[in-house]
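I would like the entire structure built from these sequences, with the hints used as guidance.
If you want the building blocks of each chain, they are given just below.
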Amino acid sequence: MADLATRTLPLSGFHGGSGAAALSVASPATRISLRAKPDAVAALSGVLGLSLPTKAKTSASSNGRYALWLGPDEWLVIDENEADLMAAVASGNVLHSATDISHRNTAIIVKGRGAAVAINGGCPQDLSLAAFPVGACSRTVLAKAEIVLLRTAEDTFRVECWRSFSPYVSTLLAEAAEDAGN
Amino acid sequence: MLLIYCPYCEEERSELEFRQAGDAHIARPTNMTEMTDEDFEAFFFLRDNVKGLTFERWRHLNGCGRFFNAARDTVSDKFLTTYKAGLPRPDLSTLRPATEATVETYEATESNAK
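Protein chains in written order, with the working numbering: chain A, 1 to 182; chain B, 1 to 114.
Keep in mind that the hints were calculated from the coordinates and are not lab data.
Some hints here could point you the wrong way.
[Said to hold, decoys possible] Selected chain B positions facing chain A (Cβ under 8 Å, derived; list incomplete): (1) Met1; (2) Tyr8; (3) Cys9; (4) Glu10; (5) Ser14; (6) Leu16; (7) Glu17; (8) Phe44; (9) Asn62; (10) Gly63; (11) Gly65.
Beta carbons are placed, not taken as given, at the ideal position from N, Cα and C, and that holds for glycine.
Shown next as structure tokens:
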């Protein structure tokens, strides 16, 4: 009898951080890298059930689904309910490019009053609430790794990174979280 | 750390997110099959490598991913301005004083040190 494949999650069982910035692994989600010209944005927004942001550093969310502005014609769409995003955007019948990157990325949730300090341990961006309010997102760097940062609450960030970078990103964040205080 | 203004993200970001991508405003010839080897070499390989003001392409690699153009002083590493790809060279006389003045030399700053 054939054994069914079992899913091995990157960072399975990982936890860490400090009292000021607790680290946890985000639950599995489906993700697509979506690229489209401005004339397709309205139709794609309709089939995704949220309006794709067109302003730099902004995101939209609705029922566990997030659309993050990465570039003038590029978005990262995340669905925490593991809905089939590829089928959703295909049903829009407009010219676009979508790549399923559900298993390329993984995410770490950084939560606590020192969350911004912990991320700033490797990321040079200004994460004050004035410059990076709730809902702000950005592709940026965490030391040597590329990450996508999303502020989901005043004291909570979602750090998306490639799964092959996840041991590096998680270890670095754990070190920085300890420096952020207890 | 240098802060570079990305015209697409519309804010200053750390230099760590950017990569330089060669000279800007190099027009691709339309008659490439008829060109002499010397002309093609000049288009393809030969660059001025100026000291002082230069126009370069930069890419916001770990950000929005866009290419844009920048006017930069190669001596002081100062970015005079950045602008979106496809736009003509900006008029720099309205932006900053002449670039020569931004270069600090030993004679200018230390020559009368006691």
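Evaluated hints:
1. Met1: Status holds, d = 7 Å.
2. Tyr8: holds (6 Å)
3. Cys9: Status holds, d = 5 Å.
4. Glu10: Hint holds; Glu10/B Cβ to chain A Cβ min 5 Å, cut 8 Å.
5. Ser14: holds (4 Å)
6. Leu16: Since chain A brings a Cβ to about 5 Å from Leu16/B, closer than 8 Å, the hint holds.
7. Glu17: Constraint on Glu17/B satisfied, holds at 6 Å.
8. Phe44: violated (29 Å)
9. Asn62: Nearest chain A Cβ about 5 Å off; hint holds.
10. Gly63: Where the cut-off is 8 Å and the nearest Cβ of chain A is about 6 Å from Gly63/B, the hint holds.
11. Gly65: Holds, about 5 Å.
Violated hints amount to a single one, hint 8; each of the other numbered hints is respected by the structure.
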